[in-house]
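Student: Knowing the structure of chain D, use the given hints to seat chain Y on it.
This is what each chain is made of:
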Amino acid sequence: MNWLTRLIPSIGKSKETASKSKIPDGVWNNCPSCEAILYQPELEKAMFVCPKCGYHLRIGARKRISIFIDKDTFKEFGEEYTTKNPLKFKDLKSYDQRIKEAVNSTGENEALVTGMGKLNDLQVVVAAFEFRFMGGSMGGIVGTKFVEAVDFAIKENLPLICFSTSGGARMQESMISLMQMAKTSAALERLKKSSLPYFSVMIDPIFGGVSASLAMLGDINIAEPGALVGFAGRRVIEDTVRVELPDDFQKAEFLLEHGAIDMIVHRTELRATISDLISKLHKNQDNAVV
Amino acid sequence: MKNFYLDFEKPISDIVDKIEALKIASEDDPKLIPEIEKLKSKEKNLRKRIFSKLSIWQKVQIARHPQRPHTKDYIDLIFSNFVELHGDRQYADDAAIIGGIGDIDNKSFMIIGHEKGRETEEKVKRNFGMPHPEGYRKAKRLMLLAERFSLPIISFIDTAGAYPGIEGEERGQSEAIASNLALMSKLKTQILVFITGEGGSGGALGIGVGDHYSILEHATYSVASPEACSSIIWRTAEKAASAAEAMKVSAQELIKIGIVDEIISEPNGGAHRNYSKTARAIKSSILENIAKFKAIDMDKLLEMRYQKLLKIG
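If you read the sequences in order, they're chains D and Y.
Just so you know, the first sequence maps onto residues 342 to 631 in this note's numbering.
Just so you know, the second sequence maps onto residues 20 to 332 in this note's numbering.
Treat each hint with caution, since some may be false.
Claimed, not checked - Pairs of lysine-lysine, DSS-like flavour, derived with a Cα cap of 30 Å: (1) Y:Lys275 / D:Lys429; (2) Y:Lys57 / D:Lys533; (3) Y:Lys57 / D:Lys429; (4) Y:Lys327 / D:Lys431; (5) Y:Lys57 / Y:Lys67; (6) Y:Lys296 / D:Lys429; (7) Y:Lys258 / D:Lys429; (8) Y:Lys144 / D:Lys425; (9) D:Lys496 / Y:Lys57; (10) Y:Lys258 / D:Lys434; (11) Y:Lys330 / D:Lys534.
Stated by the list, open to error - Just a sample of chain Y residues kept apart from chain D, beta carbon distances all over 10 Å, derived: (12) Asp33; (13) Lys37; (14) Glu39; (15) Lys61; (16) Leu73; (17) Ile94; (18) Lys142; (19) Tyr182; (20) Ile185; (21) Gln192; (22) Ser193; (23) Lys258; (24) Asp280; (25) Asn287.
Stated by the list, open to error - A short, non-exhaustive set of chain D residues, derived as facing chain Y with CB atoms under 8 Å: (26) Gly448; (27) Ala510; (28) Met512; (29) Gln521; (30) Ala523; (31) Pro566; (32) Gly567; (33) Leu618.
In short, the hints are calculated from the structure, not lab data.
Glycine included, every Cβ here is placed at the ideal spot set by N, Cα and C.
Looking at chain D on its own, in the form it has when it is part of the complex (with noise of 0.2 Å):
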């Protein structure tokens, strides 16, 4: 307790009652834009869109494929895949402690998760990074299931679809995670050569090592409206120019303005606009997939 709390403990307590009244039950939540309260089954049926102000909330991995792709033709891969300390990193936890808590809080084995299903009827390969996974970060094992969903899609013939979210390298595997860029990047040129399509879908926030690497690379980057994506972030470009950015910097806007994306696309009308395009693809091609 500091001095304040201790001389009124009504304050500390008021306010943990108030958060918890913004969400009884689990079926009000609040829209972080507008703050609109919004009822969850509604929420579920517009794709986690806010019907008031059009705000994107945040969902995890597995939402996100299950609202992409077809319903139950999801096939994961590489579920079996854990992570362990090959630095033996330590800071104020160890890097262990830290993946025990991300894996007991999202109850994903890592920050990305992959598969195959189908979108309309179309067999594909997709990716998704899950963010409140250590901050969607990729290490090693991150890496490797990037590297093998590519490989499917080279092997099968199918198109691949990533939906990244993520802060970056992640710092606990320093070089390892590093080369991970290097990795993902060079698995996604084998995909090319053998003119297969790679959607990069831009989800809130992407930075760093995954920016500068598979998120960048798509043949088609779509983002989503108002997804912030840099190199580096907000505060440390702040830190260094020591100029005030404006509101706009690194949103999905700026980046269609700047040439850096294709489109936004609202996330409504994601699976109708890239099915759209791998047909359009593809439609000349002698190893037609579609």
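Tutor: Same frame as chain D, but now just chain Y:
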């Protein structure tokens, strides 16, 4: 140039000062000469002792030593007839990355490396070796040129990282780095990577994918600078030394986990005490490895380059 000494190099500098003073005094009193010799050997041993047990944080400081040789120094000492090539043909010439063609024994090489600059004015011009997208795009242009004319690529890594600025983001810093990673993974020419100073993050890797990775004895390489890692993980910039230890940034640690293939020994007291000896060691690694990789069929070499990446993590 007057020698600069880091804190832990101070005992060396104290003896060096004494030697200098005695040298002047010995002009009047030749009896002092044996004393000078004694001090010289003492200084040499002390240097050896200090540098044989540097902590990882001390290595970070050596890797950033203001007198550490830079890419330009290595180019001058290793290659003859260097011709610098400028510009990305799209926006600008980024002086934080230097590129061009130089010869060893009548064979030509494409050289690409970060250059931090030496005096204040040059440092500013070179943005302290922190590239913008146009630097990576110049490098890309030169790599493609190297491929067309079968020039092996020699890459020198020495940067705190790619520059985190407004314009860099506007011009696609991420894309510039990412597309270089993709390109280098399949470029049909031999690529040797030398980590000579500090290797920091994607800004280093953006010109650093290849067939063989060599690192100087006191150089470092990490996913982010120790200061950045400290601020991300510890939420304070004060823990940089702990971050450097935890990230295992030293050459000796990196070879254990298979990130680098070779450690190149530095002269007693570090590369900054003997430029030409350091350059000779790098040159012999270049010659040995180019001979080895030129003997390998190109398709096989590319497969080996890819498999090397797959093995990590």
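Student: Taking the earlier hints as the rules, which of them does this structure contradict?
Tutor: Numbers 2, 3, 6, 8, 9, 19, 20, 21, 22, 23, 26, 31, 32 and 33, in rising order.
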